[in-house]
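J.: Using the supplied hints, reconstruct the complex from the two chains, each of which is provided in its own coordinate frame.
If you read the sequences in order, they're chains A and B.
Using this note's numbering, you'd call the opening residue of the first sequence number 1 and step up by one each time.
Using this note's numbering, you'd call the opening residue of the second sequence number 1001 and step up by one each time.
Incorrect hints may appear among the rest.
Said to hold, decoys possible - Pairs of lysine-lysine, DSS-like flavour, derived with a Cα cap of 30 Å:
| id | chain 1 | residue 1 | chain 2 | residue 2 |
| --- | --- | --- | --- | --- |
| 1 | A | 25 | B | 1411 |
| 2 | B | 1286 | B | 1391 |
| 3 | A | 25 | B | 1331 |
| 4 | A | 25 | B | 1091 |
| 5 | B | 1139 | B | 1279 |
| 6 | A | 9 | B | 1331 |
Simulated from the structure, these hints should not be mistaken for laboratory data.
Listed below, chain by chain, are the residues.
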Amino acid sequence: MTLSVSDVKRVADLAYIEIDEDEAKETLIQLSGIFNLIETMQAVDTSTVEPMSHAQSVVQRLREDAVTETDQRELYQSIAPQVEAGLYLVPQVIE
Amino acid sequence: MFNASLKQLSLQLTEKKISSTELTTEFLKRIKALNPEYNAFITVNEELSLAQAQAADKMRASGQAGPLTGIPIAQKDIFCTKGWLTTCGSKMLSNFVSPYDAGVIERFNQAGAVNIGKTNMDEFAMGSSNETSFYGPVKNPWDHAAVPGGSSGGAACAVAARLAPAATGTDTGGSIRQPAALCGISGIKPTYGLVSRYGMIAFASSLDQGGPMAKSAEDLALLLNVMTGFDPRDSTSLQRDAEDYARDLQKPLAGLRIGLPKEYFAEGMSKDVENAIEKALDEYRKLGAQTVEVSLPNAPLAIPVYYVLAPAEASSNLSRFDGVRYGHRAKSYGDLADMYRKSRAEGFGAEVKRRILIGTYVLSHGYYDAYYIKAQKLRRLIAQDFAEAYKQCDIIMGPTTPTVAFNLGEKSGDPIQMYLSDIYTSAANLTGMPAMSIPVGFGDKNRPVGLHIIGNYFSEAQMLNVAHQYQLATGWHLQSPV
Chain A
1 MTLSVSDVKR VADLAYIEID EDEAKETLIQ LSGIFNLIET MQAVDTSTVE PMSHAQSVVQ
61 RLREDAVTET DQRELYQSIA PQVEAGLYLV PQVIE
Chain B
1001 MFNASLKQLS LQLTEKKISS TELTTEFLKR IKALNPEYNA FITVNEELSL AQAQAADKMR
1061 ASGQAGPLTG IPIAQKDIFC TKGWLTTCGS KMLSNFVSPY DAGVIERFNQ AGAVNIGKTN
1121 MDEFAMGSSN ETSFYGPVKN PWDHAAVPGG SSGGAACAVA ARLAPAATGT DTGGSIRQPA
1181 ALCGISGIKP TYGLVSRYGM IAFASSLDQG GPMAKSAEDL ALLLNVMTGF DPRDSTSLQR
1241 DAEDYARDLQ KPLAGLRIGL PKEYFAEGMS KDVENAIEKA LDEYRKLGAQ TVEVSLPNAP
1301 LAIPVYYVLA PAEASSNLSR FDGVRYGHRA KSYGDLADMY RKSRAEGFGA EVKRRILIGT
1361 YVLSHGYYDA YYIKAQKLRR LIAQDFAEAY KQCDIIMGPT TPTVAFNLGE KSGDPIQMYL
1421 SDIYTSAANL TGMPAMSIPV GFGDKNRPVG LHIIGNYFSE AQMLNVAHQY QLATGWHLQS
1481 PV
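With the rest of the complex left out, here is chain B (with noise of 0.2 Å):
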């Protein structure tokens, strides 16, 4: 049960071999022995998961089933959901019970999930190894000593553990797709737009994308069935027919034109990475693809361009919590403004104020131009490169890591090591582009390698098919750490 596909589980259901009810608490109970050693959740409230087991039976039982009804999905504590503690991974809003549902839980709820925790995540979003939450860290269920990733590292533990038949991640410079590289699963960021970010606690709001996170690609396609769609209360959200993500995973890949950037092929890149890589390369061309190298010039300012854009939005952003309307305020305080500052010293983790001064200063007055709006250009120049390379190519494919999962507290101390953990993942928020990570093999201390997908806007059904045919010819995304 707890190896099976969203798929085997919902024919489960359907032919009522098992009831949510029974799933919910066969994984409750997984979840209460394993968790203490994981700290992949942040909250578990069992009540409120088996009374949507509950309902779901009875949807079910009323033939209103859809495929995702009656199955366990962990949340990512990013999502605010109604009667839940949400807190972000933050002691800002460690006492945050929210009044309201995001749009995915919305969405997931009319789908007749159940939610069975909130998942652990790095402070706000902002981390690659989920070192920075309040709540702790979390471990990576291949190796213990090892980080699962971040900021997303709650989840992916969750789903590599088997804590959760699947979850969701968000994605701003890479948190859904480098913790499931890390982790072993599979994990896919959506076209900008495409996912609510009503009520998904903002980071920075331009690159923030909602998307599921699993055990294979047909999965993530059930997923995304649900996940996506417009929302009017998000002003960046598209307004798109609804498509069937899982259209197209049969197709086969005879003429696939993989297009390979020599800029993600060149040092930094460590070599059981590399190795892995190309085996998966090799089993692409097995499949009918070819491969083209390609070229994405201005792709290594990514990491400089992001450390700009995502910090500016994140000090705007989080300038709302002020410890007035909701979250920590703190004990003592004079006037108005000490307590703002009181607050919000108290309330942020040391990486969450580093950004937050990083974007106050490059969006102040003088440094604007030669920080913020050079930025910006240079996020065109890099969606300029992807255009071109398109031209070239039907999807693209390099490591989602430079490097296997790496020890915590290895990279802790060290912003900048940490920030070059996303080396390759953040050109696809800067661009809006979606992008994808599954496991293709083991590197180093027998840790996962993830292969990155990238695909032009709006292509999910097809990276899906092409991460469909490589797990159909392959059996990576079967291997468990448990």
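In isolation and in its complexed conformation, chain A is listed as follows (with noise of 0.2 Å):
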């Protein structure tokens, strides 16, 4: 697999993180030794194994319909960017 400097800024974009042409190029470098590092995966066949996604087969717990928090809306939007009249601020979204 071959990765391009445009891959990288595509994939930077999906995750919103600014990146300019240099950084781009830099990363391209170093992404792709790792994913060659990665591409080893492929020798073996897996054709026949389940996937395994966790470490233990856990089922999820359920639990009941009851509020569990309290409010507490002053303390967490104390260590927020911007807030005003209780609400987090943020850039206008809607015209």
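T.: The following block contains the structure:
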């Protein structure tokens, strides 16, 4: 598999990380090396193997649909970058 | 006092030979004097630590003390700690004073332990040398030119340099065991699901597991007794009866079958490490254990599998850092997407970005089956290899790392070489099995060597027994660089 600078930029875009041309080129070199390492996985035939997503085969627990959290808005918002009237502020999204 | 075991410190506190306030004050003084050189701690807060020490003294006076009441513990800066700066080694969280306690922190608080400070670490636990920390590298107390390992490098350094009696770490691919090995201390990653992940800032959720780091296996047992336990706020926390992890420490080892995976004794391990490991195995044979060769044919694929699964999970977990509710926000930006992009570009370091990009790529349309599903299938094969091996042995041993500690700067420009330092450790995260490292001597440049002990699921008490018996017979764990 061969990665290109445009692949790196596309992935950075998907990940919401700003990246400039020089960084993309540098990243390409590093990622290409890492993907060469990753490609060694393809040597093993896994056609009959079930994927393993977790270390323990546990089932998700269910709980009562009851309120367990108390209102701590002021505490939580005290560390926010920008708040006003109890709301988190972000740039305008809707015209 | 600085070399005392947890048991000895606990006894001194019980016998009122020292108060927690005095003990805490002594360690704070030592940190103040030596931390500028080691950089093992990101945050020290004398006021908060001493308030906990005073509370512990009251607990002891009223007869409510447990074994860890009043004992200072260094907490890895990945555990959210109410009222404490909790950075995860990142600029992204360099202004994050946690509004709540992690499950692990709650447990130590309930036990009356004193938080002596928050330890340095690779950014978001992504690294094997502590060099990716926004707060700068940590020095290996045995040789200041060497890395302490990572990601729990500050924790390992703090214990080895006697800046704290014990510490917590977390281990996603080797982050407790590799720095423990490189700094000549003991550390254990328990079975996945035993230690609460609530409030432990997530890197790769199916692999992350907290655990203790200390000077001996006996200390680790005391710490595990406090750290483990069901937490309903962690969706993969296991509901099990409480165990006393120290219950089997005194058992003799006669008849113990130690499996030696031939893949772990093959090329890649350096000669000095091999020598120390062979001597340790000889000691185990003297203690009555027998060694058998086992095979883990898919073990060499643990690193490529890990570097698909861990970044995939990380890319998802780290999407929460967007500069909206907490953490770093860029100073100037255009629209909302631009705010995300700039805040994340500024807040994350190079290695974290690299892993987010790998993860985003392997999860993206058209590549999911080829990488992510493929890696999950190999994860099963690796787990099956271990299950097969445990039919022939009780416990598995090998080197924790292929070499002793490398120099600061030696591998920081070469991610792949850095990744390969976890070649023996990451399989235990993929399978969820418990694994630990104990010091077994020294290699090149007089830098420590760690013996890797991998157990079957829930065999922590047995592993600690196996480690403790070795530590009764030898004195490597008592050696100190300071």
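J.: All hints, please: hold or fail.
T.: Hint check results:
1. With a C-alpha separation of about 20 Å, the suggested pairing of residue 25 of chain A with residue 1411 of chain B holds against the 30 Å cut-off.
2. Simply put, residue 1286 of chain B and residue 1391 of chain B have alpha-carbon atoms about 23 Å apart, close enough for the 30 Å limit, and the pair holds.
3. For a cut-off of 30 Å, the pair hint linking residue 25 of chain A to residue 1331 of chain B stands: about 26 Å separates their Cα positions.
4. Between residue 25 of chain A and residue 1091 of chain B, the direct Cα distance comes to roughly 24 Å. Compliance with the 30 Å bound is thereby established for this hinted pair.
5. Simply put, residue 1139 of chain B and residue 1279 of chain B have alpha-carbon atoms about 28 Å apart, close enough for the 30 Å limit, and the pair holds.
6. Proximity of residue 9 of chain A to residue 1331 of chain B is assessed by CA-CA distance (about 23 Å); at most 30 Å being required, the pair is judged to hold.
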